[in-house]
Amino acid sequence: MPKTLSKSNPARELVFGDLWEFDPAPETADPKLKPRYDLFINGSFVPPRAGKYFATINPAHETKIADIALADASDVNSACIAAQKAFVSVWGKMPGKERGKYLYRIARLLQDHAREFAIAETLDGGKPIKESRDFDVPMAAAHFFYHAGWADKLEHLAPGRQIAPHGVVGQVIPWNFPLLMLAWKIAPALAAGNCVVLKPAESTSITALKFGEICQEAGLPNGVVNIVSGAAETGAAVIQHPLTMKVAFTGSTEVGKSLMRSLAGTDKKMTMELGGKAANIVFDDAPLDQAVEGIVNGIFFNQGHVCCAGSRLLVQESIADEVLAKLKRRIAVLRVGDPMDKNTDLGAINSREQLAKITDLVQIGVAEGAEKYDNGCKLPAKGFFFRPTIFTNVSMSHRIAREEIFGPVLSILTFRTPEEAIEKANNTPYGLSAGVWTDKGSRILKMSTLIKAGVVWANTYNKFDPTSPFGGYKESGFGREGGKQGLLDYLMVD
Amino acid sequence: MPAAKAPTSLRRLFDEIGTVDQVGIEERVATFTTRSLKKKSKVFGLRLAVSMVDLTTLEGKDTPGKVASLCQKALCPHDVGDIPPTAAVCVYPAMVKHARKHVGGTSVKIASVATAFPSGQAPLKTRLAEVRAAVKDGADEIDMVINRGAFLSGEFGRMQDEIAAVVEACGQATLKVILEVSELETYDNIRAASFLAMRVIRPGDFIKTSTGKTSSNATLGNNQVMLEAIRDHFLATGIPISMKPAGGIRTAKQALHFLIAVKETLGDEWLNNRRYRFGASALLNDLVRQLEKERTGAYQAPWNFSEATEGY
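So the sequence lines, in the order shown, correspond to chains A and B.
Those letters in the first sequence? Residues 1 to 494, per the numbering used here, in order.
Those letters in the second sequence? Residues 495 to 806, per the numbering used here, in order.
Be a bit skeptical, because a hint or two may be false.
Said to hold, decoys possible - Below, simulated SDA-like cross-link-like pairs (lysine to any residue); rule was C-alpha separation at most 20 angstroms, straight line:
#	chain 1	residue 1	chain 2	residue 2
1	B	Lys532	A	Arg335
2	A	Lys328	B	Phe508
3	A	Lys378	B	Phe508
4	B	Lys533	A	Arg335
5	B	Lys533	A	Pro26
6	B	Lys536	A	Asp18
7	A	Lys440	B	Phe508
8	B	Lys534	A	Lys424
9	A	Lys424	A	Lys474
10	B	Lys747	A	Trp20
11	B	Lys532	A	Pro26
12	A	Lys342	B	Glu521
13	B	Lys534	A	Asp23
14	B	Lys533	A	Glu27
15	B	Lys533	A	Thr28
16	B	Lys534	A	Leu19
17	B	Lys532	A	Asp23
18	B	Lys532	A	Lys440
As the list claims (entries may be wrong) - A few chain B residues facing chain A, derived, Cβ under 7 angstroms:
#	residue
19	Thr528
20	Lys532
21	Ser535
22	Phe538
23	Lys757
By construction, these hints were calculated from the structure, which means they are not laboratory data.
Even for Gly, the Cβ is constructed at its ideal location relative to N, Cα and C.
Construct the complete structure from the given sequences, taking the supplied hints into account.
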């Protein structure tokens, strides 16, 4: 088929033009935002002691959405004290069955407010509304439902052993999935009986602070959840505070390392979910159209702002040309633009800094001799946007094949044998995720054993579920989130 | 491409044309249903769909009178609103000459099922004679069924030879090859049968999902498998094959989802009724109803839309 014949007819192409252009289909519901967000401490919204606020902007229009409170060390201190008090007086001794009820209530409230949260998430973070609507918010609710079920069954996690909550846990989350990362962190912590001080990312605080309103509506006892917004110093204060017995961080490897350094010598429990440079490996017997779909989903989902993104495509040499042609045809119909439009596939890059970082690395890729291709689509005049981009002629030593770009940029490498694929897949400091595409079941099992990655997807990519543990090897971090394993990280086991 | 005479291994065919992952393709088609069409783009899609309908009646109780009513509906789907005629009417061979009286010489084509539709279980000679008779009576298009038994028993050569014989019997008439996907069951088989058929038909001939006479008919999933087969065949050979999903598409919304699949898989050159058709009957009035809603801003009562054949 095409494999051999298409080479002899290179000029033949399909036309993806504007014969049937889609009209704008904007989501218009009210996200119910406040002009100013205070800190959520001890069950109520309180202004920061120093009275400082910073603006959060809509990355699609570069307009200000709201003022966000900037918490300093003293605010973090009161949050930690409130959490400790709630742990000692209420939450730590509440029967699991009762804690579960609160978690179920939060899950249902998230579903009730789903549309509002989806719109707020898209406004603040730039991700397409179809993703926040169909993925982020439903998945956040699913995490609360799942962990609610565990709250009164914790003894089954470690049969025959004593388990107990840590007390206060400090959590710092990134900007790529603001509400979902909050759910990944808070749901297991609360189910296990801990109280929480959480710092959302600087550029995406709104849904976390809106979550404070959900906690109020659910009647969650004061101090069980505290949200302190701010910048890196705020996060460091949360992590280093003497009352936080366990800390959980999701973010870049660089920041993760510095936080770990600052905790040296303490006996705090840590889990780190850091960067990735995943290999998505396509063998010549794979169902190619579905593999291409998985490649697209792997790298362009959420504009590539995904730590487990399949940013290195390893494709078997014999089918490399065909896969590349299919991939180009597929990205020709990706729609980049207003994140609030229901037909948008790729929204805005989260911030000006991130856009600059992506642009830099892409330029470095070109300078190092890799061949760049993008879909050439029109970008909005204002806002932070980047075209879906693929690099061919990439070698393992190129920076675009080694560093996490965290944007819609795919590096394509080839391999000849399964051994070479494994070697290349593992030739990275990271080890968070990988994908394997083949029709052969035994090869899937072999590859998944030999690839050093926390998650290996077979004939699919970027699939998540609350029941499935997620986490990395090597510089991608340690500890797991989700499933039994993730929950155990929020408990002391004797 | 010459047809192989000996039974061919399906496995070897898959090595050549590739396989389909069921979970993956169903995820892909689910994304077509989340596209949101507003205003002008919606009207464009609805009008396009009307112009692609093969308005169909295939019942034992069909009469010349019912076919006349069908033809009138095809020529003028609604009395107001400037709605285009459908692409064709689709009837049994015995009804072709009656349809000819009403739509002969208009833009509406006469399609006739033939080859012992829907089972195809008649001697080849009989099936070919039926095709010739329908063409002689004035059919512009012939909808044939493949020999599923031959396909499933691995006799690909025989299956292809029979299609080639029908191509010859068609003469000038366009051929639509019905794979009857529900009897092939797997997406892999649908892809394989699509390739086998495409290799012996002419540019502009169709592959078609179903007869509409079995339990499951056209779905976004099997439509997508066939669109991707058409795309791969076109890119490999330059021969554009047309596509017709049939059966089970009853609402305007469904039809738009199918068209979005075409737009995103085969592109603009397939967004016309020479390259894409809907085999349907109830669909037409829902398309008209939605167009009237877009035109007037309100849904009209069902009795404002003339019945083609449903209900008779």
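Checked hints:
Of the pairs offered as hints, the one joining Lys532 of chain B and Arg335 of chain A holds, with about 16 angstroms between alpha carbons and a cut-off of 20 angstroms not exceeded. Simply put, Lys328 of chain A and Phe508 of chain B have alpha-carbon atoms about 24 angstroms apart, too far for the 20 angstroms limit, and the pair is violated. For the given pair, Lys378 of chain A sits about 39 angstroms from Phe508 of chain B by alpha-carbon distance, which is inconsistent with the 20 angstroms threshold. Of the pairs offered as hints, the one joining Lys533 of chain B and Arg335 of chain A holds, with about 19 angstroms between alpha carbons and a cut-off of 20 angstroms not exceeded.
Proximity of Lys533 of chain B to Pro26 of chain A is assessed by CA-CA distance (about 12 angstroms); at most 20 angstroms being required, the pair is judged to hold. A hinted pair counts as satisfied when its Cα atoms are at most 20 angstroms apart, and Lys536 of chain B with Asp18 of chain A qualifies at roughly 14 angstroms. Between the alpha carbons of Lys440 of chain A and Phe508 of chain B the distance comes to roughly 13 angstroms, so the proposed pair stays at or under 20 angstroms and holds. The suggested pairing of Lys534 of chain B with Lys424 of chain A is violated, with an alpha-carbon distance near 50 angstroms, which exceeds 20 angstroms.
Between Lys424 of chain A and Lys474 of chain A, the direct Cα distance comes to roughly 15 angstroms. Compliance with the 20 angstroms bound is thereby established for this hinted pair. Annotation: proposed proximity of Lys747 of chain B to Trp20 of chain A holds, straight-line Cα distance about 16 angstroms (limit 20 angstroms). For the given pair, Lys532 of chain B sits about 10 angstroms from Pro26 of chain A by alpha-carbon distance, which is consistent with the 20 angstroms threshold. A hinted pair counts as satisfied when its Cα atoms are at most 20 angstroms apart, and Lys342 of chain A with Glu521 of chain B qualifies at roughly 18 angstroms.
Of the supplied pair hints, the one linking Lys534 of chain B and Asp23 of chain A holds, its CA atoms being roughly 7 angstroms apart against a limit of 20 angstroms. A distance of roughly 15 angstroms separates the Cα atoms of Lys533 of chain B and Glu27 of chain A; the hinted pair therefore holds under the 20 angstroms criterion. Only pairs whose Cα atoms come within 20 angstroms are accepted, and Lys533 of chain B paired with Thr28 of chain A is accepted, the gap being roughly 16 angstroms. For the suggested pair Lys534 of chain B and Leu19 of chain A, the alpha carbons sit about 12 angstroms apart, so the restraint of at most 20 angstroms is met.
Pair hint Lys532 of chain B plus Asp23 of chain A holds up; C-alpha atoms about 6 angstroms apart against a cutoff of 20 angstroms. The hinted pair formed by Lys532 of chain B and Lys440 of chain A fails the criterion: a straight-line CA distance of about 44 angstroms is larger than 20 angstroms. At a threshold of 7 angstroms, the smallest CB-CB gap from Thr528 of chain B to chain A is about 6 angstroms, leaving the interface hint in force. For Lys532 of chain B, the shortest C-beta to C-beta distance to chain A is roughly 4 angstroms, which falls under 7 angstroms, so the interface hint holds.
About 4 angstroms separates the beta-carbon of Ser535 of chain B from the nearest beta-carbon of chain A, less than 7 angstroms, and the hint is met. Evaluation of the Phe538 of chain B hint against chain A yields a held restraint, the C-beta minimum of about 6 angstroms falling below 7 angstroms. Taking 7 angstroms as the C-beta cut-off, the interface hint given for Lys757 of chain B holds, the closest approach to chain A being about 6 angstroms.
In summary, the structure is inconsistent with hints 2, 3, 8, 18 from the numbered list given earlier, while agreeing with the others.
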